[in-house]
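Peer 1: Residues per chain are reported as follows:
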Amino acid sequence: MFGFSQFFASDAGAVFGAALAQNKTNFDLFTVGQNVVNGLRFGSIYALVAMGIVLIYKSSDVVNFGHGEMGMFCTFICFAVLGALLPARLSPSDPLPTQVELGSYLLALLVTLAFAALLGFVFERFLLRPLSKAPILSQVMVTIGAGILLYGFASLIWKSDQKVFPNPEIVDGPPILMIGSGIQVIPISREVVMALVIGGIASLVLFLFFKYTMVGTAIRAMALNPNAAKLMGVNVGFLTGLTWMIALGLAAIAGMLIAPKVSLSPTMMAGVAANAFAAAVLGGMNSLPGAIVGGLLIGIIDNLVGYYFLDAGLRGLSAFIIIVVVLTVRPNGLLGKTVRKKV
Amino acid sequence: MMGTTIKKAFGVLSLPYLRWPLLAVFLLTLPWTVLIFPWYNANNFTYNQLNLWLILSIVVIGLNLLTGLTGMISLGHSAIYAVGAYVAGWFLAVMQVPFPIAIIGAAIGGGIVGFILGLPALRLSGTYLAVATFGFAIGVPQFLAQSKDVARLYGDPDSATSKIGIVAVPKQTWLGFASGSDLGRYYMFLVVLAIMVVLAAGLWRSRTGRALRAVRDSETAAQAMGVSLSRYKVLAFTISGIYAGVAGALYSFQVGQLDPTDSQFAPVEAVIFLAAIILGGLGSISGAIVGSAALTLLPTAANSATRLIAETTGIRLENFEAIFYGVIIIACIFYMPNGLVGAFKSLYERLTTPKVIEVAADEEVLESNLAIPDDMLNEEHKGVQVN
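Going down the list, the protein sequences come from chains F and W. So in our numbering, spot 63 of the first sequence is number 252, and the numbers just go up one at a time. So in our numbering, spot 59 of the second sequence is number 79, and the numbers just go up one at a time.
Chain W on its own, in the form it takes in the complex (with noise of 0.2 Å):
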């Protein structure tokens, strides 16, 4: 049977005790299995890349616990992401501490931003909350860009004829873990995903995971099961806050340079997170990083398609990720409902569970089986079938 075969070949995955360890494998040698790809080079694909889509999956995995466990939406963590790294560069570029240092305060930072954003959470629901927050992601980038206060902080107060804002990341080498070039960040980006992961799960099934859950069920049934709703609701934007706060740390890492006007700062930005949340799968570990790496992949395809549509027709396409992104949500929303790793999952249980034979019957033998008999029935209901 094929389905057997299918059973046989992941068979291997389903062993528990096989499955973390070849993970672990893929994860490590990622960098350089990449290299060994054809598209390596044709796609102006890097390590930059992968980095991003740890990055991202971080902060996507955050906002998982706020909208798949509890069931918020928050336009805003790109504010928070923005805000983790302006904390994490301060760290860096004016107290010179380590990096470590830099993490953790990025994520009290974070923390601190998620606990404020998730106060409007305890009046507003649903998309009401969605609107609140995303006015939250639109003037954060442009408070850092206008507020000399802030420009003060980092010691450059007088740049008010240029960008005010902009940030210069030192880089770093702590315990072995070099945060200057790509490939020693992404071994350090892994460790701290691996945490972050762990802690993410931990939580998923923690007595604080269930009542999140009882929340996003029924915020009644919750109440009445003694789960106190302002306390969950605003936790749960804190947890995510430091998810965002710590992903932002790291891109600060990452590009060297804050710059307020940088697209992943962008309200848009927040929109990605959850388009990554719809592509990987609704309230999954696993599905944020797969749908991270998607929505890190998607704009090279586009951009790789841009520069084929140039070379080949000489038309130069503005914008087209946008298109790319628009329709692979709507067509993600209608035709996978439960993202790529539900997708995964019910083709897997539909290869690997054997078909039900079907019984070649004649409609009048279902129709002896199905009927009552009619001595069983009282005289008015004669003749009447069960469907």
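If we strip away everything but chain F, and leave its shape as in the complex, we get (with noise of 0.2 Å):
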């Protein structure tokens, strides 16, 4: 039902892996770093979705399995967006083109993030919030239901072909920076930039938000203990929404930063949400920080591991490899914080 393999198939680590796949002698500088600055491009956009897998994390106590999709149908909705804000194409039908003027890409970013706030609250308040006290189980496949079902809409609505979306046009251009000399150059593409860029705002913000502002403070006091902040007059039920809101925010921009590359299908953030999943285990599940160490370290291990262990298909198992040395040897995560069961 979802082409899990399709998105590996079109991945740009696969595609570069298998063109150099004769020659696995090359481990040098310069294709270790082609393959880091790669990942980190793919990894800060796990970190993104990974960030907002451990909010919901930290104030609903439930991983949210349909984060990818999801992200995915924000991204379906700024594509949507974009179609009726150009007005040059024929027919609705005809494809986008890969650049958008900033000022519209801008205009379809803000109504997405205003769809993302939407979905999240309503799926937190209507499907979420009923089943605090049901099993876990029934907590963990309303998610994952609701992944399916955007899946379906998606598909319904938009088919499941493959679909250019565009970049906005600052990103069009030559490499911003060039990392080395002679034929051993590694370009650091502006794409990749931008990825970085909005990744890094995207951490500082939240960081100062949860660091300096009332709301951030309080969101911080009921991920500790809901009770005791609800007895200090902390509004728990709408800060909920409001993490959900944010994290899916977080996972709307990493659907428009990753469609331009793997091309907008309904299957599109199947692969990125398994590597954000192990991101934010390998980070720790309930540090932020751990969520952004984890995506770049889980990007930047799955490219190389995807380059020079092609032939032994250890791509896909890589995260889940890593997974477990790491649980093995700190439970917690990497830089998660120990929780104590009280009985």
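Hints were generated in silico from the structure; no laboratory data involved. Only a predicted model underlies this, so the values are computations on that prediction, with no experimental measurement involved. Do not take every clue at face value.
Okay, the calculated bits of chain W under chain F, using three or more residues with CB under 8 Å as the criterion [stated by the list, open to error]:
#1 100–111
#2 154–160
#3 221–231
#4 338–345
#5 353–363
Think of the CB as a built atom: it goes at the ideal place given N, C-alpha and C, for glycine as much as any other residue.
Two independent chains are provided; combine them into the complex using the hints.
Peer 2: So this is what it looks like as structure tokens:
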């Protein structure tokens, strides 16, 4: 039903690796550097998704398995808005251009974020919260069910073929930076910079929000102890909804970043979400900095493994192996805090 | 009374010595009874689906041992299922042994993979564990599709241009059980399912089963009673891995050709296993079988709905079954938390329990009954009523 393998077939690293798969001895700075740059790009997208997963886990105590599909659906909304904003096309079924003006891109981004917030709020309020006393399986399944449902709706409305998704115009152009000399140059393309910059800005904004604003402090208090926070006058219900809104906003941004690379389709986020889950667990499910570190690490390792061990077929399994190894040493992830269970 | 009528109607089923023979007759004649239904041809309903139902039932019973009995969620069972299919395929295609040995081999393979998958369970619980096992479900099909070592095992190392990992599974006849025809496979799978059900029911009631339930209800209490958490958690994963492995072997007989990109091995299949548990009823063997039946019929229903819409309106809907799955999973969680079996049980109980006779009572009578007589109270408590 979901073409998970489709995603990996179109994944940048896999394509890149396949071209050079015959020659596995080139373990030099150039090749590794290229893979690391590529990995950082995907890694910052994984980090965006993983931060959302961590936020939701901290506020609702559930892993949102529909996170990828929710982000995918928001990206489709952005696609529809961009389509409506571009009058030059002859018919609505025409593909979008590969570049759009920054203004319309930002406008579409705003609409998408508003939709993501609405989706997050509605899902949390009407589907997840009534189940807060239900067994954990029901909570997990309702997130999965919502993901499948959104996948179905996206296929129903926009069909399941692969579509061109535009970048903003400023991303067009030669690589911003060249590292190295001669033929062995690692180009740092504008797309890579955009992914890193947006990832960085999002992390910084989240950090400032949680550290210095009243609402952010209240959310932290809520994550620490919901009952105590409630007694202190924190509106726990509303803030849980707010974290969902932020989390899905991050997923929507991640979707808009990855869509130009892997083409827009209902299966687009499946692989991204899988790696983001791995990133969240790797960093520690209750740590936002952990999600960032985990995302970047998974991005880099995934690219390197995909390149050097293509024949062994370990690309997809690498995330799982990393999780198992890391959790054996550090059960709460790299940066996670120990949670003591009370009887 | 209506209740007694219903009780009489179901009375035959409540006799233990009749229930099992009736069920056996029903299952043995099922391939013929479906023939007489009008939707047999109309909906493309074939023996293939009966067989897929039996296969799905085996996995779901195994997963129910893990999720329903021990309380751990695995999203990695599609991977164990795939491994079971490939191990059985290897035994049949390369080793050319009789298929019961292939099934046993797949069971051992599934058990080993289940054991490996259970190792994270020692450190993780709840949703953490689900995430870790999910990674496994995504990785294994890709591993099978890309690994040259796997291809070499099946004697096809240089298929780099075409798809790696496609294995043809030969058909066999052994002791009158023919795996060459759908009908033959139906009875073969039925025998395997019966064995697996008996084993599961035995485990459910055994000392081990009680220990697993103790782990589910409270890990701390179980530990205090001397139940080794790590041992029983890994044991539960291993046992449910054996079930998934056996089911994978049967699937390899059913399709005759294994393909790593088969949707049956995709991670979403693991979700379908869990959905079958939810739909049938958590922690019940009959629930697993009923839920599997519902989920086997679901894609068929979705496909006929898609075809009907395409014929009448000319609009071809893509992935329409996803909406079916999503709606049914969510609706089931909200409106049928105990699954189909639980819903049937509560309906049966409601219909057969005699209604409480409502006594017309006005408020004064009630109040005088509930109020504590004033002379029994201290001065300060006078006037207080018990609600």
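Peer 1: List, from low to high, the hint numbers that the structure doesn't satisfy.
Peer 2: 1, 3
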